[in-house]
Amino acid sequence: MQRNVSNIKYIEPSVLHQWITQNGQKTQLGQKFQVIDARGSDYIGGHIKGCWNYPYSKLKHYEEGEALMDEMFHKLETSRRDVTVETDNNIMNVVFHCAQSQQRGPAAAMKFLRYLPDDKLSVYNILILRGGFNLWQDLYGTDTNVTADYEPDLWSW
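Yeah, the sequence shown ends on 157 if you go by UniProt numbering, and it's all consecutive.
Each hint should be verified, as a subset may be incorrect.
Below, simulated DSS-like cross-link-like pairs (lysine-lysine); rule was C-alpha separation at most 30 Å, straight line [stated by the list, open to error]:
(1) Lys-9 x Lys-75
(2) Lys-60 x Lys-26
(3) Lys-9 x Lys-49
(4) Lys-58 x Lys-26
(5) Lys-120 x Lys-49
(6) Lys-26 x Lys-120
(7) Lys-60 x Lys-111
(8) Lys-49 x Lys-26
(9) Lys-60 x Lys-9
(10) Lys-9 x Lys-26
(11) Lys-58 x Lys-120
(12) Lys-120 x Lys-9
(13) Lys-49 x Lys-111
(14) Lys-75 x Lys-120
(15) Lys-49 x Lys-75
(16) Lys-120 x Lys-60
(17) Lys-49 x Lys-60
(18) Lys-58 x Lys-75
(19) Lys-58 x Lys-111
(20) Lys-60 x Lys-75
(21) Lys-111 x Lys-9
(22) Lys-58 x Lys-9
(23) Lys-111 x Lys-75
(24) Lys-111 x Lys-26
(25) Lys-26 x Lys-75
Calculated from the structure, these hints are not laboratory results.
Since this is a predicted model, take the numbers as computed values, not measurements.
Construct all of the structure, not just a fragment, from the sequences and the given hints.
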């Protein structure tokens, strides 16, 4: 995999919903996944169940961002490795998003792609949630199986 934006694909909310509800923490191919929420203060009001919050406002700063990238990578590696042999089922899908997945989510995904060591590029699929949390909450905000801490009043326009 090359380190350019064309290697970052979008995932539809319905696919992520299926992964969460039908497969636990694995895709239909048996691969693990983790959602990374790149929102900052707008994280309040709800989030995708099981996501990790790494605000892009912190990731973009050199020293703090590097420390957070180290932390995120080590958590992902720990989660990804449940066997000692690398197989297709040992691939980690990392789904980034922000409010609309137009700026912070894609920027965080690109930063993570650039951070990955060369020998790990083939074991990470980096994805962006189409429509971000705004679309997610429209579709699944009240579904407590997939959305946590949802405050509908904060999302009414």
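Results for each hint:
1. Only pairs whose Cα atoms come within 30 Å are accepted, and Lys-9 paired with Lys-75 is accepted, the gap being roughly 22 Å.
2. Proposed proximity of Lys-60 and Lys-26 is supported: the alpha carbons are some 29 Å apart, at most 30 Å.
3. The suggested pairing of Lys-9 with Lys-49 holds, with an alpha-carbon distance near 21 Å, which does not exceed 30 Å.
4. Annotation: proposed proximity of Lys-58 to Lys-26 holds, straight-line Cα distance about 28 Å (limit 30 Å).
5. Annotation: proposed proximity of Lys-120 to Lys-49 holds, straight-line Cα distance about 26 Å (limit 30 Å).
6. For the suggested pair Lys-26 and Lys-120, the alpha carbons sit about 19 Å apart, so the restraint of at most 30 Å is met.
7. With a C-alpha separation of about 8 Å, the suggested pair Lys-60 and Lys-111 falls inside the 30 Å cut-off, and the hint holds.
8. Taking the CA atoms of Lys-49 and Lys-26, the gap is near 14 Å; set against the 30 Å cutoff, the hint holds.
9. Proposed proximity of Lys-60 and Lys-9 is supported: the alpha carbons are some 21 Å apart, at most 30 Å.
10. A C-alpha spacing of about 18 Å is found between Lys-9 and Lys-26, which places the hinted pair at or below 30 Å, so the restraint holds.
11. A hinted pair counts as satisfied when its Cα atoms are at most 30 Å apart, and Lys-58 with Lys-120 qualifies at roughly 24 Å.
12. Between Lys-120 and Lys-9 the CA atoms are separated by roughly 17 Å; this keeps the pair inside 30 Å, and the hint holds.
13. Pair hint Lys-49 plus Lys-111 holds up; C-alpha atoms about 23 Å apart against a cutoff of 30 Å.
14. Among the hinted pairs, Lys-75 with Lys-120 is consistent with the structure: their alpha-carbon atoms are about 14 Å apart, no more than 30 Å.
15. About 17 Å separates the Cα atoms of Lys-49 and Lys-75, which keeps this hinted pair within 30 Å; it holds.
16. For the given pair, Lys-120 sits about 22 Å from Lys-60 by alpha-carbon distance, which is consistent with the 30 Å threshold.
17. For a cut-off of 30 Å, the pair hint linking Lys-49 to Lys-60 stands: about 24 Å separates their Cα positions.
18. About 17 Å separates the Cα atoms of Lys-58 and Lys-75, which keeps this hinted pair within 30 Å; it holds.
19. A threshold of 30 Å between alpha carbons decides the hint, and for Lys-58 with Lys-111 the separation of about 12 Å falls inside it, so the pair holds.
20. For the hint linking Lys-60 to Lys-75, the alpha-carbon distance of about 19 Å falls within 30 Å, and the restraint holds.
21. Between Lys-111 and Lys-9, the direct Cα distance comes to roughly 15 Å. Compliance with the 30 Å bound is thereby established for this hinted pair.
22. Only pairs whose Cα atoms come within 30 Å are accepted, and Lys-58 paired with Lys-9 is accepted, the gap being roughly 23 Å.
23. At most 30 Å may separate the alpha-carbon atoms for a hinted pair to count; Lys-111 and Lys-75 meet this at roughly 16 Å.
24. Taking the CA atoms of Lys-111 and Lys-26, the gap is about 24 Å. The hint holds against a cut of 30 Å.
25. Under the criterion of a C-alpha separation no larger than 30 Å, the hint pairing Lys-26 with Lys-75 is consistent with the structure, at around 16 Å.
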